[in-house]
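Taken in sequence, the protein lines are chains H and W.
In terms of my numbering, the first sequence opens at residue 2 and continues consecutively.
In terms of my numbering, the second sequence opens at residue 2 and continues consecutively.
Errors might be hidden in some of the hints.
One copy or two, either will do: identical chains are not told apart, so a pair holds if it fits within one copy or between any two.
[Said to hold, decoys possible] As a list, the in silico DSSO-like pairs of lysine-lysine whose alpha-carbon atoms are at most 27 Å apart:
#, residue 1, residue 2
1, K186, K329
2, K390, K360
3, K14, K358
4, K365, K377
5, K505, K358
6, K514, K365
7, K358, K377
8, K174, K377
9, K193, K111
10, K123, K488
11, K505, K293
12, K440, K390
13, K174, K514
14, K255, K67
15, K193, K36
16, K416, K488
17, K535, K488
18, K513, K416
19, K415, K328
20, K293, K215
21, K281, K111
22, K439, K67
Bear in mind the hints are in silico, worked out from the structure with no lab data behind them.
There are 2 protein chains.
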Amino acid sequence: MIKQEIKKEEYIKIIPLGGLGEIGRNMMILEYKGKILIIDMGLRFPEENMPGIDYIIPNVSYLENKRRDILAVVITHGHYDHIGAIPYLIERIGNPPIYASNLARGIILKRQEEFNTNSKLKITIVKNESHIKAGPFEIEFFRQNHNIPETLGLFIKTPIGNFIYTSDFKFDKNPINDLPTDFKKLKDIGKKNILCLMADSTGAEEEGHSLSEKTIEKNLEEIFKSAKGRIIAATFSSLLNRIQQLINLSEKYKRKVCIEGYSMRTNVDIAKALGYLKLKSDTFINVKEIDKYPDSKITILCTGAQGEDHAALMRIVNKEHKFLRLKKGDEVIFSSSVIPGNERTVQAVKDELYRQKVKVYHYKIMDIHAGGHAQKEELKEMIKIIRPKFFMPVHGQVSMLATHGEIAEDAGVKKENIIIANNGQIIDVNQNEFSFEKKTAPSNYIMVDGLGIGDVGEIVLRDRQMLSKDGMFVIVAVVDRLTGQVKGSPDIISRGFIYLRESKDLLSQTRKKVINIINSTAGKGGAVNWTYVKNEVRDKIGQFLFSKTERRPIILPVIIEV
Amino acid sequence: MIKQEIKKEEYIKIIPLGGLGEIGRNMMILEYKGKILIIDMGLRFPEENMPGIDYIIPNVSYLENKRRDILAVVITHGHYDHIGAIPYLIERIGNPPIYASNLARGIILKRQEEFNTNSKLKITIVKNESHIKAGPFEIEFFRQNHNIPETLGLFIKTPIGNFIYTSDFKFDKNPINDLPTDFKKLKDIGKKNILCLMADSTGAEEEGHSLSEKTIEKNLEEIFKSAKGRIIAATFSSLLNRIQQLINLSEKYKRKVCIEGYSMRTNVDIAKALGYLKLKSDTFINVKEIDKYPDSKITILCTGAQGEDHAALMRIVNKEHKFLRLKKGDEVIFSSSVIPGNERTVQAVKDELYRQKVKVYHYKIMDIHAGGHAQKEELKEMIKIIRPKFFMPVHGQVSMLATHGEIAEDAGVKKENIIIANNGQIIDVNQNEFSFEKKTAPSNYIMVDGLGIGDVGEIVLRDRQMLSKDGMFVIVAVVDRLTGQVKGSPDIISRGFIYLRESKDLLSQTRKKVINIINSTAGKGGAVNWTYVKNEVRDKIGQFLFSKTERRPIILPVIIEV
Chain H
2 MIKQEIKKEE YIKIIPLGGL GEIGRNMMIL EYKGKILIID MGLRFPEENM PGIDYIIPNV
62 SYLENKRRDI LAVVITHGHY DHIGAIPYLI ERIGNPPIYA SNLARGIILK RQEEFNTNSK
122 LKITIVKNES HIKAGPFEIE FFRQNHNIPE TLGLFIKTPI GNFIYTSDFK FDKNPINDLP
182 TDFKKLKDIG KKNILCLMAD STGAEEEGHS LSEKTIEKNL EEIFKSAKGR IIAATFSSLL
242 NRIQQLINLS EKYKRKVCIE GYSMRTNVDI AKALGYLKLK SDTFINVKEI DKYPDSKITI
302 LCTGAQGEDH AALMRIVNKE HKFLRLKKGD EVIFSSSVIP GNERTVQAVK DELYRQKVKV
362 YHYKIMDIHA GGHAQKEELK EMIKIIRPKF FMPVHGQVSM LATHGEIAED AGVKKENIII
422 ANNGQIIDVN QNEFSFEKKT APSNYIMVDG LGIGDVGEIV LRDRQMLSKD GMFVIVAVVD
482 RLTGQVKGSP DIISRGFIYL RESKDLLSQT RKKVINIINS TAGKGGAVNW TYVKNEVRDK
542 IGQFLFSKTE RRPIILPVII EV
Chain W
2 MIKQEIKKEE YIKIIPLGGL GEIGRNMMIL EYKGKILIID MGLRFPEENM PGIDYIIPNV
62 SYLENKRRDI LAVVITHGHY DHIGAIPYLI ERIGNPPIYA SNLARGIILK RQEEFNTNSK
122 LKITIVKNES HIKAGPFEIE FFRQNHNIPE TLGLFIKTPI GNFIYTSDFK FDKNPINDLP
182 TDFKKLKDIG KKNILCLMAD STGAEEEGHS LSEKTIEKNL EEIFKSAKGR IIAATFSSLL
242 NRIQQLINLS EKYKRKVCIE GYSMRTNVDI AKALGYLKLK SDTFINVKEI DKYPDSKITI
302 LCTGAQGEDH AALMRIVNKE HKFLRLKKGD EVIFSSSVIP GNERTVQAVK DELYRQKVKV
362 YHYKIMDIHA GGHAQKEELK EMIKIIRPKF FMPVHGQVSM LATHGEIAED AGVKKENIII
422 ANNGQIIDVN QNEFSFEKKT APSNYIMVDG LGIGDVGEIV LRDRQMLSKD GMFVIVAVVD
482 RLTGQVKGSP DIISRGFIYL RESKDLLSQT RKKVINIINS TAGKGGAVNW TYVKNEVRDK
542 IGQFLFSKTE RRPIILPVII EV
């Protein structure tokens with residue numbers, strides 16, 4: 002390795018704002034002397050213990066007083082875990098210029114329509130071999146295989162050295178709707194003295210090599226070859242290459258294709274309009290035309306492979322779809338992995354399909370889905386090709402980052418040059434070494450719930466969890482200002498605790514207790530400490546209800562003086 | 002097959018009350034001329050959309066006016082999905098005699114201590130080759146391999162023909178703590194002209210043969226051989242055979258064993274007292290003695306392999322355990338499968354372990370767990386050995402039952418003799434045919450929440466789901482009885498909706514709206530339709546809050562006339 006002399010105070014700051022120790026919410030900062038390059042702005046989906054939350058997005062407060070120094074946002078591909086936070090955050094960081102592929106741009110702009118925003122996005126289209134210069138950063142884009150067209154890796158020249166950001170990728174010699182991995186290009190890059198490789202770790206715990214799309218196609222074709230009824234294929238709307246595959250097979254077997262589900266239709270429309278889906282002009286039909294064709298000439302391509310509540314497949318299965326019902330002879334294909342946490346909902350759909358006696362194919366039965374992420378062998382190969390000095394695993398749970406680190410060691414990177422970081426850590430890298438700054442950037446979850454961004458915090462979430470477990474119990478008592486005594490019978494309103502109509506005894510006992518507690522605590526009128534009285538009601542009624550039910554509803558006493 | 006003449010009206014009723022189309026809650030009825038035999042009384046765990054629910058148990062109302070005709074409850078093994086509903090239901094069905102193995106009996110009695118019940122359980126101990134007679138039913142027990150000792154299959158003679166109930170089973174030629182599968186015995190049974198085989202379907206979607214415990218032991222031994230620090234092994238407390246294995250290895254490698262976690266300690270105590278765990282008298286040590294030994298001589302056997310909130314492993318990882326903290330050199334073994342739906346919590350523990358830099362082994366890294374259920378090849382072999390006329394898959398999701406049905410066809414059972422049923426269906430079987438009765442037995446979920454059994458129904462659950470998504474919003478307005486006008490400012494109490502302290506504007510706007518709605522709807526005093534007024538408040542404030550937040554809290558208006 003050729004050593005260049007650089008001043009000691011010269012270094013690149015790497016600041017991951019999301020995507021490390023989690024799946025999704027990918028956002029990375031490179032900073033040189035205060036000048037900032039941003040890579041991706043993604044969202045992620047909430048955990049099970051975050052009821053009501055729509056998305057989680059990165060915390061960008063580190064950037065907020067640095068708006069003028071943000072030179073560019075570079076987007077690697079059009080998936081929501083890489084672009085989904087743009088509408089929530091781009092204005093807050095001063096609406097900097099965005100660089101994205103034509104397809105990613107189309108998806109970003111389409112999504113933007115759902116938001117009321119003042120400023121127009123400034124997106125420049127880039128593609129394989131595009132060069133851009135943003136202050137001290139020179140970026141060359143190179144194509145990567147993934148499961149959406151135009152996924153771009155980044156070769157970033159900086160005054161300190163050369164960085165590679167792989168984006169999501171896998172190696173595929175027989176991809177669909179895409180060229181095979183360009184190993185020659187990667188090898189050329191590998192010769193360019195790479196200081197630091199940042200690589201996708203999503204598949205780091207999976208042995209071997211990701212399945213080739215060729216295998217998937219072969220298996221899917223088996224189904225198409227033998228199916229006599231309709232084929233209903235459910236997949237992610239973002240897996241455009243899988244969608245292309247299913248369209249290709251439908252055309253080959255003379256099936257018309259009906260697209261069902263809002264996000265599927267939206268993505269297909271964008272991709273088709275921009276030329277990323279190739280099909281004959283008469284392949285697509287409207288769902289209303291389905292009965293004009295025999296069942297053996299119909300493919301329904303739909304959302305719902307994860308058992309999502311209102312997705313097209315669910316509506317069909319639950320007999321809620323406006324036009325479609327399952328019928329004998331239908332063959333349903335789940336062409337996607339099951340996202341961890343969704344196993345039970347997917348099982349529920351599968352069961353309902355079996356109950357309705359249609360044929361079901363899923364990944365356990367045959368290989369009809371390939372992941373979009375490089376697995377152990379590919380990851381090792383990538384590192385061996387690039388031969389970086391420093392290696393930083395990105396995108397993935399801690400266990401995946403750690404395992405990717407072990408892979409890098411295997412591939413020849415020195416242990417002390419492997420950077421396993423957390424979101425928010427600030428990593429200073431120069432040509433010789435890296436170090437973590439003591440200071441960190443805020444990187445906590447920013448939760449999106451309806452129109453609120455970041456307004457649901459720990460307290461609201463904890464209340465939601467408590468409410469969901471044992472419900473709530475409101476007690477409204479009217480108290481005579483003069484005597485301090487309860488007037489009439491307290492009102493009780495409860496939800497999610499017990500079925501009130503069948504608990505009349507418990508309620509009347511509770512009312513009596515409330516009256517006793519207030520009357521004895523409030524004393525004989527005059528200056529009453531109502532906070533104390535309310536706490537007494539809350540504690541004692543809480544204990545009473547627990548003793549009767551072993552449940553702990555949230556108890557909310559309201560006392561009204563008249 | 003030898004045909005016996007039987008009268009047409011003579012038949013056996015098979016009534017599954019649980020376990021079909023679900024994992025757990027196994028309970029099956031066989032009925033002959035009103036005389037009833039019950040097989041197992043299990044519980045299951047709630048789905049994600051059942052917040053606050055502890056367990057789900059079978060609905061036994063079919064049995065309630067037939068108490069005197071219940072001849073016996075036969076228990077196949079001591080796992081909660083087969084015995085867990087006993088304390089909730091046994092009195093309701095008249096406390097009939099129970100037949101269980103010595104170990105299952107110990108577990109049942111231990112659990113019973115946690116409940117306040119009047120009647121004493123009447124349990125008779127049975128074992129391999131025991132015969133019992135219960136009215137028209139003659140039952141012979143035969144041993145099966147599973148992951149708890151003394152798992153018993155049932156050979157049931159009835160006046161109509163012979164039934165086999167496999168219980169949970171797998172074929173293992175090298176089991177731990179158990180004899181190998183007795184194929185000779187099974188073959189003898191197969192010669193006895195079996196009318197109907199009811200077999201465990203849990204593994205029906207898994208290819209091939211379940212892993213032998215020999216493989217597991219070999220892999221676990223690799224870890225024990227090389228580990229220099231403490232070994233922390235997490236598994237289910239019910240997997241007594243795995244626990245035995247880990248104890249054996251600890252003894253072989255001169256490690257003391259410390260048992261952590263309430264359910265682990267309870268099960269180990271029972272099994273040890275009854276002679277089902279074999280160990281040296283000085284193998285177990287108390288957690289407080291751990292520091293007396295070098296790390297390389299310590300095994301900690303604990304609960305928490307599913308990332309359960311308060312399990313021992315979680316307390317260790319989260320630094321909440323009274324005596325134990327992770328330290329460098331520790332090696333943590335997850336020796337269990339991940340129950341569908343628990344993937345995210347397990348990932349979270351794994352991540353925290355990686356973050357604390359200890360070595361982690363889980364089933365993805367090497368085969369250190371074998372399931373307790375027969376897979377495709379074993380299931381096929383069982384059917385081929387037993388050669389039943391009718392085949393009824395039990396225990397499992399619909400997709401598993403359906404797949405098990407296909408396996409049976411493969412194994413030579415006629416398609417029209419395969420009984421794929423739902424919980425609650427009543428199946429009449431005679432020697433020639435089976436049919437579903439039009440009548441069904443109630444088989445809906447009975448939910449246990451704290452002390453309440455069956456008192457949480459659809460309404461309470463739906464409220465909990467709504468509360469968990471967007472919280473609640475209580476409005477208390479005091480209205481002057483004479484004028485019908487609101488006095489003062491309405492009180493607002495909200496939880497789980499927004500953080501009130503940061504939403505003062507929204508609250509004051511809401512208060513004004515409430516006053517306007519009430520004042521204009523209630524009119525000028527006199528007889529007011531308060532239900533109508535409250536509905537108006539609920540609807541209009543609901544719309545208002547949605548327009549401001551896109552959230553839909555449960556709105557509860559309270560109006561107090563003074």
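**Q.** Up to 27 Å CA-CA - K360 versus K390, copy category
**A.** between (52 Å within a copy, 26 Å between copies)
Q.
At most 27 Å between CA atoms: does that hold for K174 and K514 within a copy, between copies, both, or neither?
A. neither (75 Å within a copy, 64 Å between copies)
**Q.** Within, between, both or neither: K174, K377 at alpha-carbon 27 Å
**A.** within (17 Å within a copy, 34 Å between copies)
Q) With identical chains treated as interchangeable, where does the CA-CA distance between K255 and K67 reach 27 Å or less: within a copy, between copies, both, or neither? A) Intra 57 Å, inter 60 Å, cutoff 27 Å: neither.
Q | Identical-chain pair category, K505 with K358, by Cα at 27 Å | A | neither (46 Å within a copy, 55 Å between copies)
Q.
Treating 27 Å as the Cα threshold, decide for K186 and K329: within, between, both or neither.
A. neither (51 Å within a copy, 42 Å between copies)
**Q.** Within, between, both or neither: K535, K488 at alpha-carbon 27 Å
**A.** Classified as both; 16 Å inside a copy, 22 Å across copies.
Q | Copy assignment of K505 with K293, given that the CA separation must stay at most 27 Å | A | neither (59 Å within a copy, 59 Å between copies)
Q.
Please sort K123 with K488 into within, between, both or neither, judging by C-alpha distance up to 27 Å.
A. neither (65 Å within a copy, 54 Å between copies)
Q) Checking K293 and K215: alpha-carbon separation at most 27 Å within a copy, between copies, both or neither? A) neither (33 Å within a copy, 59 Å between copies)
(Q) One pair to classify: K365 and K377, alpha carbons no more than 27 Å apart. Within, between, both, or neither? (A) both (21 Å within a copy, 13 Å between copies)
Q) What label fits K193 with K111 when the C-alpha limit is 27 Å: within, between, both, or neither? A) neither (38 Å within a copy, 69 Å between copies)
Checked against the numbered hints given earlier, this structure breaks hints 1, 5, 6, 9, 10, 11, 13, 14, 16, 18, 20; the rest are met.
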